[in-house]
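With these hints in hand, go ahead and build the complete structure from the sequences.
Protein sequences appear in the order of chains A and B. Here our numbering is used: the first residue of the first sequence is 218, the next is one more, and so on. Here our numbering is used: the first residue of the second sequence is 271, the next is one more, and so on.
Bear in mind the hints are in silico, worked out from the structure with no lab data behind them. Glycine included, C-beta positions come from ideal geometry on N, C-alpha and C. Check before you lean on any hint, since a few could be wrong.
[To be verified] Stretch by stretch, here's where chain B covers chain A in the computed footprint (C-beta under 8 Å, at least three residues):
(1) 259–273
(2) 282–291
[What the hints assert, rightly or not] Just a few of them, taken from the derived set where beta-carbon distance is under 10 Å, the chain B residues facing chain A:
(3) His304
(4) Tyr316
(5) Arg361
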Amino acid sequence: DVKVTQSSRYLVKRTGEKVFLECVQDMDHENMFWYRQDPGLGLRLIYFSYDVKMKEKGDIPEGYSVSREKKERFSLILESASTNQTSMYLCASSSLAGGGNYEQYFGPGTRLTVT
Amino acid sequence: DAKTTQPNSMESNEEEPVHLPCNHSTISGTDYIHWYRQLPSQGPEYVIHGLTSNVNNRMASLAIAEDRKSSTLILHRATLRDAAVYYCILRDGGRSGTYKYIFGTGTRLKVLA
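Here's what the structure looks like:
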């Protein structure tokens, strides 16, 4: 079974703290993605990566950065957490070779609260 | 970017078929239509996808309009375990191999026993 794991299910941080959200996949996938999910807004793409050390901005990258030093690991960084970054964060991965499907496999999510 | 429109919520009785509609009037010729669902406290999971022709798999069927401006996900016999938020997504080709998804806000399906 494909597995995408996220470092924490729940996280509480203070305003101004630097926050690291870690995501690891075990299927040797090339693509990895970070989304945030908020009520009424659905899933919105923050950043994605299609190869080690490669990254591209998604729809809402402001206030976030990412790091992909190894193929299996994709980190989301909040340089200075703010209360409007309180959200559910979802990581996903997909393969380049999917026969046209390019199915994304999602982790269970990290619910981040910034106080 | 092309977008999708879905009803916010729908209800179905257990063991009955469910038709979940999705409008995507600005779809481009190379956009694939994907459906994912999100069970409570879990990340989304793949259900089905298609380009032009209707598709069937063990989970559901996907009916795509001839003009591709709308599609319908069909659950043939809803069970209580099918209660979830269903997302209709257009897959944006973008940079080769990246295949970014454009999520809508989804339809919350409630299944009544």
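Verification of the hints:
Residues of the region 259–273 of chain A lying with their CB closer than 8 Å to a CB of chain B number 7, which satisfies the three-residue condition for coverage. Look at the region 282–291 of chain A against chain B: 0 of its residues bring a Cβ nearer than 8 Å to a Cβ of that chain, fewer than three, so the hint is violated. The interface hint given for His304 of chain B is met, as the beta carbon of that residue sits about 8 Å from the closest beta carbon of chain A, less than 10 Å. Given the 10 Å rule on beta carbons, the hint for Tyr316 of chain B holds: about 5 Å separates it from the nearest Cβ of chain A.
Interface restraint check: Arg361 of chain B against chain A, minimum CB-CB distance 7 Å, threshold 10 Å, status holds.
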